[in-house]
Amino acid sequence: MKCLGCKTEKLSKEFPSVTILDTCRHPPLHCFRCLIKVVEQQKKCPHPTCPEKVPGDCARLKEFQATVNRLFAEYTSTSTVDYTTAAAGASGGLQKISVVMMNGESISLSYNPSTTIYQIKLGIQQRLLHHVEKQRLIYNEVELKTYTDSGQLAKMGDYGVQPHSTVHLIIMLYAIPEHFNHAIVMCSVSRKTGVWKIDSLGTLSQGNAKNYEPLKATIRKLIQQGV
Numbered sequence: 001m002k003c004l005g006c007k008t009e010k011l012s013k014e015f016p017s018v019t020i021l022d023t024c025r026h027p028p029l030h031c032f033r034c035l036i037k038v039v040e041q042q043k044k045c046p047h048p049t050c051p052e053k054v055p056g057d058c059a060r061l062k063e064f065q066a067t068v069n070r071l072f073a074e075y076t077s078t079s080t081v082d083y084t085t086a087a088a089g090a091s092g093g094l095q096k097i098s099v100v101m102m103n104g105e106s107i108s109l110s111y112n113p114s115t116t117i118y119q120i121k122l123g124i125q126q127r128l129l130h131h132v133e134k135q136r137l138i139y140n141e142v143e144l145k146t147y148t149d150s151g152q153l154a155k156m157g158d159y160g161v162q163p164h165s166t167v168h169l170i171i172m173l174y175a176i177p178e179h180f181n182h183a184i185v186m187c188s189v190s191r192k193t194g195v196w197k198i199d200s201l202g203t204l205s206q207g208n209a210k211n212y213e214p215l216k217a218t219i220r221k222l223i224q225q226g227v
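The numbering of the sequence shown is full-length UniProt numbering, which starts it at 1 and goes up by one.
Mixed in with the good hints, there may be bad ones.
[What the hints assert, rightly or not] As a list, the in silico PhoX-like pairs of lysine-lysine whose alpha-carbon atoms are at most 25 Å apart:
#1 K155 / K53
#2 K96 / K134
#3 K43 / K53
#4 K2 / K96
#5 K96 / K37
#6 K134 / K13
#7 K44 / K96
#8 K155 / K134
#9 K37 / K2
#10 K13 / K44
#11 K145 / K155
#12 K62 / K96
#13 K53 / K96
#14 K37 / K13
Hints are computed from structural coordinates only; laboratory data are not their basis.
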């Protein structure tokens, strides 16, 4: 869902289910953060067509702020807590992260900065039965990719993921493996092959398959199905 304020696609959990005031006559289209920012600065509903003024003691605003604090609990740069000491006093020093789905279901997984994203996804697959290739992990509004740009397995520490923090899990209906970057087709008549390169968005380049234009729709369908 795209926020009307920051124009960013966000999880549904990052949006309120109701407007800031009962007298507002529009759907809640601003994410929690944008809504709170506008209300605190302008003392009004953030929707561009809504004239409602928001009082400073608005109870719903406090509820929204509490929700944000719960969803986006972060360690600040001024904190003296580091990776080693953050878990002190919690489960005998065992470090964990919470993985939360859009439906509210959550699990806890063991963590340290050298844990790879792939290991986390394997843990999710074992616990929640969602295949690794269909998982998308989001932390601080950034997707945790399985591989780095150099092709190495990415680690939790590469993304600054802190112990005891929350990672959001999105399950894709169809998914393309991150290492899957080419589609090869063969003409049943000439037996010649053509190659399309697949970009990060799953779309096809012209490649050297200029003579196979009628097959593009079929190739895209196969890619969407993960074939």
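These are the hints, each one checked on the structure:
| no. | hint | verdict |
| --- | --- | --- |
| 1 | K155 / K53 | 46 Å, violated |
| 2 | K96 / K134 | 23 Å, holds |
| 3 | K43 / K53 | 6 Å, holds |
| 4 | K2 / K96 | 30 Å, violated |
| 5 | K96 / K37 | 31 Å, violated |
| 6 | K134 / K13 | 20 Å, holds |
| 7 | K44 / K96 | 40 Å, violated |
| 8 | K155 / K134 | 19 Å, holds |
| 9 | K37 / K2 | 17 Å, holds |
| 10 | K13 / K44 | 23 Å, holds |
| 11 | K145 / K155 | 9 Å, holds |
| 12 | K62 / K96 | 29 Å, violated |
| 13 | K53 / K96 | 42 Å, violated |
| 14 | K37 / K13 | 18 Å, holds |
In summary, the structure is inconsistent with hints 1, 4, 5, 7, 12, 13 from the numbered list given earlier, while agreeing with the others.
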